[in-house]
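**Student:** Here is how the chains run, residue by residue.
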Amino acid sequence: MLELVAVRHRYDGRVVLDIERFAVAPGSGVAIVGPNGSGKSTLLRLLALLERPSEGEVRLDGVVVAGAKAPRAGARRRITLVEQRPLLLRGTVRENLEFGLQVRGIRRTEVNRKVENIAARLEIASLLHRRRHELSDGEVQRVAVARALAVEPDVLLLDEPASSADRAAAQTLYRALAEERARRPLAVCLASHQLEDAYRWADDVRALAEGRLSPVTPENLFRVELPSGGGDLKHVCVGTIEIAAATDKTGPAILAVPPTDIFVSREPLASSARNVFTGRVTRLTHQRPGAVLVTADVGVELVAVVTEEAARDLGLTPGGPVVFSFKASAVRVF
Amino acid sequence: MDFLGEGLRRAVALLLSGDGEVYGIALLTLKIGVIATVLACGLGIPVGFVLATRPFWGRRAALTVVNTALAFPTVVVGLLLYGLLSRRGPLGGVEWLYTWQAIVVGDVVLAFPIAAALAAAAVQGVDPRIRRTAETLGAGRWRTAWTVAREARFALAAVITTAFGHVVAEIGSAMTVGGNIRGQTRTLTTAVALYTSQGDFGLALALGLILLLLALLVNVALQTLQGRGHA
Chain A
-9 MLELVAVRHR
1 YDGRVVLDIE
11 RFAVAPGSGV
21 AIVGPNGSGK
31 STLLRLLALL
41 ERPSEGEVRL
51 DGVVVAGAKA
61 PRAGARRRIT
71 LVEQRPLLLR
81 GTVRENLEFG
91 LQVRGIRRTE
101 VNRKVENIAA
111 RLEIASLLHR
121 RRHELSDGEV
131 QRVAVARALA
141 VEPDVLLLDE
151 PASSADRAAA
161 QTLYRALAEE
171 RARRPLAVCL
181 ASHQLEDAYR
191 WADDVRALAE
201 GRLSPVTPEN
211 LFRVELPSGG
221 GDLKHVCVGT
231 IEIAAATDKT
241 GPAILAVPPT
251 DIFVSREPLA
261 SSARNVFTGR
271 VTRLTHQRPG
281 AVLVTADVGV
291 ELVAVVTEEA
301 ARDLGLTPGG
311 PVVFSFKASA
321 VRVF
Chain P
73 MDFLGEGLRR
83 AVALLLSGDG
93 EVYGIALLTL
103 KIGVIATVLA
113 CGLGIPVGFV
123 LATRPFWGRR
133 AALTVVNTAL
143 AFPTVVVGLL
153 LYGLLSRRGP
163 LGGVEWLYTW
173 QAIVVGDVVL
183 AFPIAAALAA
193 AAVQGVDPRI
203 RRTAETLGAG
213 RWRTAWTVAR
223 EARFALAAVI
233 TTAFGHVVAE
243 IGSAMTVGGN
253 IRGQTRTLTT
263 AVALYTSQGD
273 FGLALALGLI
283 LLLLALLVNV
293 ALQTLQGRGH
303 A
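If you read the protein sequences in the order shown, they are chains A and P. Numbered by the numbering used here, the letters in the first sequence go through residues -9 to 324 in order. Numbered by the numbering used here, the letters in the second sequence go through residues 73 to 303 in order.
For reference, chain A alone in the conformation it holds in the complex:
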């Protein structure tokens, strides 16, 4: 189990990450979703023990491996990070794949076997003799993932692993990861700004906004300025709509509306919901068996989740009318 505990991380005095607890369980698939600048890469670098948290600890199997003291080198060998725009080291692709194996003192014959094996699985065998300037961005990304998998870490951290890959290359990448996880208990923690990829691939999706983990799933997150006064019911403008939220907080905050707390209908419902918005369906996504994500433009893009049966009964289709309703108390503020 790889954990961040009570971590506050600063750059030049500014808090960029503030996380009470974040854990990657053995063999799990966790996706961190958030916009650019939300702290995803910093979070991964802390988990990879490449940076020491300004406050708090990183624990591996309950043992503090980074905190007040410098990260433990032995622990670092169990965790490997592939950065968003990875760099290949000087030399050929083969030499890059060999690097992590050589520093572990693995025998030459074993190194060769592992390199051939991982190159075949990531479909980069034809690139082994090439150097970094002879590769496309997508190929570099695949080589970097292969290089990380070659050392067989317990935890693999991936920062936007498909950002430079085309669709086919991304499929190859995710297939190879799935095969690796089926083969051995590899925990994977992936940062992405693409929700669809995260949902398709991960067991657990966590949202990160302005360095803080959202207590709910990552859809419908809005950065707002909560007004002072007005009691415990605040009205804030998001896009062209005004959302009512039950909170006593003021100042900068993140609003989150859990998709499961949104009632979906064709007509406005007579209810106690303070937030009722009319719009049009923009997208229907089958999230998992029996569930449909309904994305609608109601003045701002909101996502709700309904059962397949409900979607069918309501006759929801892209472009069709829809009403989203939710209570002020359903809006999470953090």
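These are computed hints drawn from the structure, not numbers from a lab. Ideal placement from N, C-alpha and C gives every residue a C-beta, glycine not left out. Heads up, none of these hints are tricks.
Beta-carbon label-pair distances, calculated as ranges:
hint : chain 1 : residue 1 : chain 2 : residue 2 : range
1    : P       : Ala134    : A       : Ser44     : 21 to 27 Å
2    : P       : Arg225    : A       : Arg97     : 25 to 31 Å
3    : P       : Gly96     : A       : Ser126    : 57 to 63 Å
4    : A       : Glu85     : P       : Gly90     : 44 to 50 Å
5    : A       : Arg0      : P       : Phe128    : 17 to 23 Å
6    : A       : Glu85     : P       : Pro118    : 23 to 29 Å
7    : P       : Asn139    : A       : Lys59     : 29 to 35 Å
8    : P       : Phe128    : A       : Leu118    : 39 to 45 Å
9    : A       : Arg97     : P       : Gly92     : 56 to 62 Å
Please build the complex by placing chain P on the supplied structure of chain A, with the hints as guidance.
**Tutor:** Coordinates of chain P only, in the frame set by chain A:
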């Protein structure tokens, strides 16, 4: 112009004739230059690495000191060394004053900050993802440093070239602690100064040409080594 042409003709003749004194001075300069460069870079480049990569208390102040030391006047360094190495000085016991070893010490003192400051700049110029990549793949401190050095090889080669150039061209310290003794501590720069003052312009020019040739050879050698490397 005749004076210059005559000097140049004399220089070429001296070089072609294999004049023992000229080549003796050149060889001593080369020996001092190579030893001082190896020592200065051997100490300065690792210090530059530490300054560039390891956060520690006083790092900024250390960088300022190293950068300031780049502008050390060579004569002042020679003077301080003279004080240390003279019979009454704290290091008088080693009896290095007016020996080629004293010139090496002076050159190391002068070239060390060059090596440290330029190596720090070279390492800081390497994309930080290289270091992180080596570390996340399990490399220890030394292997990581070597990986970063391989990426900065062109800049580090320039550090060595600059240090060597500074060492062989330096005159103030060499004159003060070496004494310009014929056959013992006379280097190319001190000899050029001496022969010019004596009016032997041809000999001075010949030695000057050798000095240029040495710098050229070192540059070519390093460029050849760099050329063998690939990205």
